[in-house]
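Could you build the full structure based on these sequences and the hints that come with them?
Number of protein chains: 2
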Amino acid sequence: MASLTDMRFLLHDVFDVSAHFADLQLAEPIDRAFVDAVLDEAYRFTEGELAPLNRSGDEEGCVLRDGEVTTPKGFKEAYQTYIDGGWAGLLGDPAYGGQGLPGTLGILLEELMATANMAWTMYPGLSRGCMHALEDHGSEEQKQQFLTHLLSGRWTGTMCLTEPHAGSDVGLARTKAEAQADGSYRITGTKIFISAGEHDLSENIVHLVLARVPDAPSGTKGISMFVVPKIDLDGTRNAVVCGAIEEKMGIHGNATCVLNFDGARGYLVGEENQGMRYMFTMMNDARLGVGLQGVCLAQRGFEASSRYAQERLQMRSLTGPKAPDQPADPIVVHPDVRRMLLLQRAIVEGGRALVYHACMLADQQRQHPDEAVRGEAGELLDLLTPIVKGFLTEAGYESVNAAVQVYGGHGFIREHGVEQLVRDGRITLIYEGTTGIQALDLLARKVLMTQGKGLVQLVGHMKACAQSCEQSLPELAAPLANVADEWAALSMQLGGRAVENADEVGAASVDYLFYSGYAVLAYMWAQIALAAQQRLGAADDSRRAYLEGKIQTARFYFARVLPRTLMHRQAMEAGAACMMEVADEALLAAM
Amino acid sequence: MASLTDMRFLLHDVFDVSAHFADLQLAEPIDRAFVDAVLDEAYRFTEGELAPLNRSGDEEGCVLRDGEVTTPKGFKEAYQTYIDGGWAGLLGDPAYGGQGLPGTLGILLEELMATANMAWTMYPGLSRGCMHALEDHGSEEQKQQFLTHLLSGRWTGTMCLTEPHAGSDVGLARTKAEAQADGSYRITGTKIFISAGEHDLSENIVHLVLARVPDAPSGTKGISMFVVPKIDLDGTRNAVVCGAIEEKMGIHGNATCVLNFDGARGYLVGEENQGMRYMFTMMNDARLGVGLQGVCLAQRGFEASSRYAQERLQMRSLTGPKAPDQPADPIVVHPDVRRMLLLQRAIVEGGRALVYHACMLADQQRQHPDEAVRGEAGELLDLLTPIVKGFLTEAGYESVNAAVQVYGGHGFIREHGVEQLVRDGRITLIYEGTTGIQALDLLARKVLMTQGKGLVQLVGHMKACAQSCEQSLPELAAPLANVADEWAALSMQLGGRAVENADEVGAASVDYLFYSGYAVLAYMWAQIALAAQQRLGAADDSRRAYLEGKIQTARFYFARVLPRTLMHRQAMEAGAACMMEVADEALLAAM
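Chains V and W supply the protein sequences, listed in that same order. Here the first sequence stands for residues 1 to 591, numbered as in the working numbering. Here the second sequence stands for residues 1001 to 1591, numbered as in the working numbering.
Everything labelled a hint here was simulated from the structure, so no lab data went into it. None of these values were measured; they are calculated from a predicted model.
Within a straight-line C-alpha distance of at most 30 Å, the following computed DSS-like cross-link-like pairs (lysine-lysine) qualify:
(1) K1221/W <-> K1143/W
(2) K176/V <-> K1322/W
(3) K322/V <-> K1176/W
(4) K1453/W <-> K1221/W
(5) K1221/W <-> K1176/W
(6) K176/V <-> K221/V
(7) K221/V <-> K1322/W
(8) K143/V <-> K176/V
(9) K1176/W <-> K1143/W
(10) K1221/W <-> K322/V
(11) K221/V <-> K143/V
(12) K1463/W <-> K1453/W
Which chain V residues face chain W? A few, computed with CB under 7 Å, are given here:
(13) D6
(14) R339
(15) G408
Positions of the beta carbon are idealized from the N, C-alpha and C atoms, including for glycine.
Right under this line is the structure:
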């Protein structure tokens, strides 16, 4: 279950989302009441329709028979409700049937959906990436042909990148595209790990496929993008067939498909050999979405385990009984249980803040009237995207594992639903680019190649925030300023070493990603604590307790989580030599 | 697949296990040839019979029908082979049919079995705990009645501690035991999470059950231990029935049972109200076994992912192509992939060394002729047991997650078998006492309550080892000496704070456990590196490469893993206040 209270606090009290929307060029103004109404409505849908299907969907899974995939019971009906509610076109261009709302509203819907049921949410989730790519790069005709149906929700979309021999290295893709006399292409090849690749929710499925035209340059420069509809525009069944669905660790409710394209008819998007660039339009959005999944799973785990910790009675507090009339104290009295709960809370709320921050930057980049603001927002967003994806999925995975640990043996069995969060969550560290890929993107492309453009900006914001903390939250001010300075210095240092040896980048990258994540989360928690502090005076008792909880969690984060930067710094400073000097054979287990 | 090469290197080159056995009071001397023969024979059995059932066992799981549990295909036959091979009685007292071999040989067998098939290995694994308890605390009659059949393997055993409301807090157990005129007891109650609680492998199952006699003192002081055979001594079916088997995240091949005791006939072990003390005899042994499971799973993950990293071609090295004739380089060239492989290797081999070290201490404690040696070994073993269980399971879980990550998307699907390692491994952090319970045991009981007796000894050994490193491995010497000193100093500091506030112990405990684990693993890696270094001169080229791999992994461990102590130290120093000042309601997720 999502927490509307916490979502609203972030949106209104920390980030003042109404002011944010007021600054954008929107067709219709969006005020606080509208945001809250969308939240309420979406919450009713997600908790009412999607949450009840989360565990049953995991247990039933998807079934492939004769090329057709049947989704778990209730998935199809829930999808119809989703369409009927008008949710599918929330963000799209009104010219093609969309409602033209800014992306931040879309992420709120996505958050509520993914918190209720991650596997189900991936069906419409993949459509959104598809819509973005077509909006940005499709022809007018393609928008009429495909986008309108995606925005109505009657059709869904996929992203077809991976092939058996081409995973992180998309440039190795071999799927062929041969131009036909009528302007279309014949697509031939095998794509794997295609989420929502085949299912029974929608009338048609629009595959966005990366393929190579004859004589295309090798690598990513020779990749083109095609729309390949399952049912072709003339109503005939296209030659794309689901050959298998994968048996996997989690997200059983979503069909992960092997798709065989056997001379399927496809339509070129944009120009030939520009497919990777277009694909990044989808991918950046999708990466924010996957980072959000980490937060959503963590929210579910935190909610469940925090409730359990208040109910489960085991042992006495070391400082004397806290519930003397009971046979034992609730486990929430034990310091280590509190540590696990606060850790989850710090990840959930700090992570949510980071996702919202990134989405508001995306809004600004697309819809702010001031070009300078658009540019700065774009730089910051570029920097934050791999942190959102790479760090929040790792942190989210740690968080759901902590939820299981609070439950003890009861967490390992299926009954309470927390082990599913671990199984579902494991994929978030992998798809849309593994943690290692995100880390390289962050350090090599977003920091070193830009000479730290976004980073310098962010570090400036962090130090300004630290200054704001000095009066009312001095215990956060110095550590925040320090980590900001150290982050900048470390980045410079790594840049210097990278010039001498490119392997230093790869060797430091994942530690750099974690370092950056903890630094950014400190910035988020400082903002949350500041907002809470400012509202303490006018608050009644119950609100006061709520606000104090925020400040205390911020303190916990700074005292017990932020010090992790120490070990990441030292690991980075150790350099590449200790990994590169090892012979390849010593990296193979002895027999 | 286990690595006999690595196991032998540790046993003979690092720990000189033959000299160790020569020092013990054994019925028959054990030389190197004997150890190697046992390893070879056990390896043939485990790889031939057990490994092929690991994945099928996971997929089939166990089935309960009319109170009877059917294990996955092949499990029963493999168990028969196990008995026929004489493996069941390896360690037991020869007076009751055992072979009287020292525990370290038992752990080698257990390692090979658990590496091949963890779920299967739990069936005989539970028997061993049962045997120990009966050997140490059973009457002569009980040994004849039960132990002989356990040692032959015709019967298996269980440990019945947990009840729905009594998990970590065993003292809350309510199962009743009422004395009968004939000296037996009637046992009534429900036990849950009973591994191997019901199955079709053996002729009979011997349950060791914790229960309370009428008017017993409350808490753990009122717990007694009973033997409750499934088939009673007179051949009738006893009133203990499997009411359900749990649906769970992993170890599907092992039946996790709800056992209902409905006035079942039980036989008191030892004296009334002494059950907890007896149970600890089993538990300490079992805890070493669970720590070993962490290492075994990590070994499987390392072996699989290290092979995959040499075969899988994706992207080019940042320093230029390493396999120019291939479409891409093997992923082992990428620094971050090397990091993930070396991390696994450091955990696997360092963890294995720690388990062997602990088992050799257990041998000394039981079978060394010199009382002073027995005493010191016991102190060290007490200290190391929670580290083996708590730290090596956590490290093993990190390791198998790294294995999945090396595989990327291919790690999330079932095909390669690595996701199963994560699902199976998750329980090792929980059963036989969660990480939090181990951490409290370590800090409160093993360090503070003994005034650091074992710790002072261990720190002394570590510093002596650091001194040995000074000439040939100076890069390890200083960090090892420093972490030893710091560990001692931190322990003193925590002791001081604990006097003022008992919650400081709980607040620091898990960070203390991790700190201790990394410190001890540094000690293990220094010993491994020293042994390798000493053998370099006489080695041929291939052996030289093997030995250099050990030294390089040690360097990696010191450079990139040991710095984690920094963050754990800082987290401990932050103290309990940031967790205890938070209102309980702030630890409940907002709605």
